[in-house]
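Participant: Protein chains in written order, with the numbering used here: chain A, 997 to 1218; chain B, 40 to 440.
Misleading hints may appear alongside valid ones.
[Unchecked claim] Computed far set for chain B versus chain A, every beta-carbon distance over 10 Å:
(1) Ser41
(2) Gln51
(3) Ser52
(4) Ser60
(5) Asn152
(6) Ile276
[To be verified] Straight line, CA to CA, 25 Å or less: simulated PhoX-like cross-link-like pairs of lysine-lysine:
(7) B:Lys47 to A:Lys1093
(8) A:Lys1109 to B:Lys47
(9) B:Lys47 to A:Lys1115
(10) A:Lys1115 to A:Lys1080
(11) B:Lys57 to A:Lys1093
(12) A:Lys1093 to A:Lys1026
(13) B:Lys57 to B:Lys47
(14) A:Lys1079 to B:Lys57
(15) A:Lys1121 to A:Lys1109
[What the hints assert, rightly or not] Here are some chain B residues the structure puts well away from chain A; computed CB gaps all over 12 Å:
(16) Ile69
(17) Ser311
(18) Ile327
By construction, these hints were calculated from the structure, which means they are not laboratory data.
By construction, the Cβ of each residue, glycine as well, lies at the ideal position given by its N, Cα and C atoms.
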Amino acid sequence: MIELNNVSKIYDIGEVKVNALDGVSFTCEKGEMISIMGHSGSGKSTMMNILGCLDRPTHGSYRLDGHDVARLNDDELAAIRNKKLGFVFQSYNLLPKITAVANVELPLVYAGKNHRREKAMAALKAVSIDKRAYHLPQEMSGGEKQRVAIARALINDPLVILADEPTGNLDTATSQSIMNLFTELNNQGITIIIVTHEEDIAAYTKRTIVVRDGKIVEDKRR
Amino acid sequence: MSIWESLKTAWQSIFANKMRSALTMLGMVIGVCAVVLLVALGQGFQTDMTQTFNDMGASALYVSQSTSKEVTVMRPLTMEDAEALNDRTLAPSISVVSPTRQTRATAQYGNNNASVTVMGVTPTIVEIRNYQVDQGRFITDQDVTARTSVAVLGYQTAQDLFGTESPVGKTLRVSGARFQIVGTLQKMGGIGGDSYVLIPLTTMQSRLTGGDEIQQIAVKAASPDLVDAVITEIASIMRARHYIAPGASDDFQITDMREILASMQTTLATFSIFMGAVGAISLLVGGIGIMNIMLVSVTERTREIGIRKAIGARRRDILIQFLIEAAVISMTGGLIGLGLAVLGASLLGNINMGGATVTPEISATIVIVALAVSIGTGLISGTYPAFRAARLDPIESLRHE
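Here chain A stands alone, though its shape is the one from the complex:
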């Protein structure tokens, strides 16, 4: 379903060229739960950006559900992000001036879908945060915000949820509950890729890919 083949990403910073990714290849099947580990500067964020269709590889191919992402234009990438991907960020990235349920509805707005309120409420209920639906993000705790963000990621029934350090701003207990939620969603058949630098977060996943200096150095399954 996800197929990276010899993917490189080169950033041209003045005269220096930085190989953020250097010939990365891996595949991810439907229903997998994968963690991508690496230190800062290892290239894991670049990999996340490419997986998330926010960026295109310099070389190599990335096939997502049959689409060759490297060949799509900005608007086609936006449509892919909207319909096939769900993002969860470390800093939640909810719009601060609108309520939780309105945040969850937003991908439906760009998808041009109807019955948004019911769908958004159902998604909030699925992550057990529906009681906070009409609160603003600033009125919620970090864990609650992350649940709203996960509901937003789920709303368009994506092929895969991409989570970038989803527990990075949370305490241990909340981190555990969020990771339990991810595990539960994965058990329902949802594909999840989590970028993290914490071993105990990676321990929740069945497969861990370790990235160093832009290369995959380890790909282990439990």
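Since the structure of chain A is provided, determine the placement of chain B on it from the hints.
Facilitator: Same frame as chain A, but now just chain B:
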């Protein structure tokens, strides 16, 4: 994303930043208010001017002595000239002839004095100017024939000299001569004013000025399309009466008030355009204000743009969102400005401006143009910021604090 969704999003964002939105709108409020009010005043002034001219007899032609320096022998206008013009066989196109003579004098009643224009008239003046008798009666043919010492007062003169008292039947002294007041006129307004005393032309000649000269003969055509014929008839009659040799210059001149009115209207129209231009500059300033705020807004909301792009907003969605936001701010400002202009116009309508009451006219055209311009200004000022927002890189934007 539909236009309706974009409008909703625009409103949310405008409401989320009430103070900033209000200040941005202020530029448009002032701009639109200024344009609408200035143009409305210009149009009102023009209408008032036209009305005044019509009251003063703009449809008439005025015959007076020539002011040209090339004329060597200058014969004054006389009552006989006026009578000749009134001859239907010589001048079939003329319907009304009204000779007048006027002078400045002090009118006196009891201890009250007023500086007035004394006009010697005949009853036909009523058909030239729209005089309306308020109390008593107007000057009659009999008054003219018998040279009676009667007077009719203009509204302001009646007020100045008599206040609340009724002037009819009272005796007025003008330059030492006594006149019995037989009537008063209704208020005319306009630049002509209401400070005058009307007396029979013949009485004026014998008691105030002496001589049988007159200053002006107002002539009205039988129908508007006969004006050119009337001018020809006047010229031939006057040249014959004043013994002007063929080829020599006229010693009289014929003034067509409509030409003067037309040139004044042109001047006023230019003035209106100038006023509009002053308003347009404030609209431009308002537009720059909107652009400035939208640029700040794009920078401030970089992260929001990043989030929207990450979850599927296309360039077009972001572009439209910011364009609509600018247009909504601008249009709201325009609507408020229009409201204030309507309010201002109704207040100004009751204010006396230099003797004339000018009623500002807010026409449907001004309203539509003002609203279209305010939306247009918003769209134009919003374009550059919206393009900047649409072109932001989602990864960079998401990192933005």
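Participant: Confirm or reject each hint.
Facilitator: Hints, one by one, checked against the model:
Listed as outside the interface, B:Ser41 is inconsistent with that label: its C-beta sits roughly 7 Å from the nearest C-beta of chain A, within the 10 Å cut-off. Look at B:Gln51: its CB is around 7 Å from the nearest CB on chain A, not clear of 10 Å, so calling it non-interface is violated. Its beta-carbon lying about 7 Å from the closest one in chain A, B:Ser52 breaks the requirement of being farther than 10 Å from that chain. Taking the minimum C-beta to C-beta distance to chain A, about 13 Å, the non-interface status of B:Ser60 holds against the 10 Å cut.
Chain A leaves B:Asn152 outside its interface by the beta-carbon criterion, the shortest separation being 74 Å against a cut-off of 10 Å. Against chain A, the non-interface label of B:Ile276 holds: every CB pair exceeds 10 Å, the least being about 85 Å. Between B:Lys47 and A:Lys1093 the CA atoms are separated by roughly 13 Å; this keeps the pair inside 25 Å, and the hint holds. For the given pair, A:Lys1109 sits about 16 Å from B:Lys47 by alpha-carbon distance, which is consistent with the 25 Å threshold.
Of the supplied pair hints, the one linking B:Lys47 and A:Lys1115 holds, its CA atoms being roughly 19 Å apart against a limit of 25 Å. Proximity of A:Lys1115 to A:Lys1080 is assessed by CA-CA distance (about 17 Å); at most 25 Å being required, the pair is judged to hold. Of the pairs offered as hints, the one joining B:Lys57 and A:Lys1093 holds, with about 13 Å between alpha carbons and a cut-off of 25 Å not exceeded. The hinted pair formed by A:Lys1093 and A:Lys1026 fails the criterion: a straight-line CA distance of about 35 Å is larger than 25 Å.
Taking the CA atoms of B:Lys57 and B:Lys47, the gap is near 15 Å; set against the 25 Å cutoff, the hint holds. This hinted pair does not check out: A:Lys1079 and B:Lys57 have alpha carbons roughly 34 Å apart, beyond 25 Å. In summary, the hint linking A:Lys1121 to A:Lys1109 is supported, as the alpha carbons are separated by about 19 Å, within the 25 Å threshold. The Cβ of B:Ile69 lies farther than 12 Å from every Cβ of chain A, with a closest approach of about 28 Å, so its non-interface assignment holds.
No Cβ of chain A approaches the Cβ of B:Ser311 within 12 Å, the least distance being about 45 Å, so the stated non-interface status holds. Look at B:Ile327: its CB is around 26 Å from the nearest CB on chain A, clear of 12 Å, so calling it non-interface holds up.
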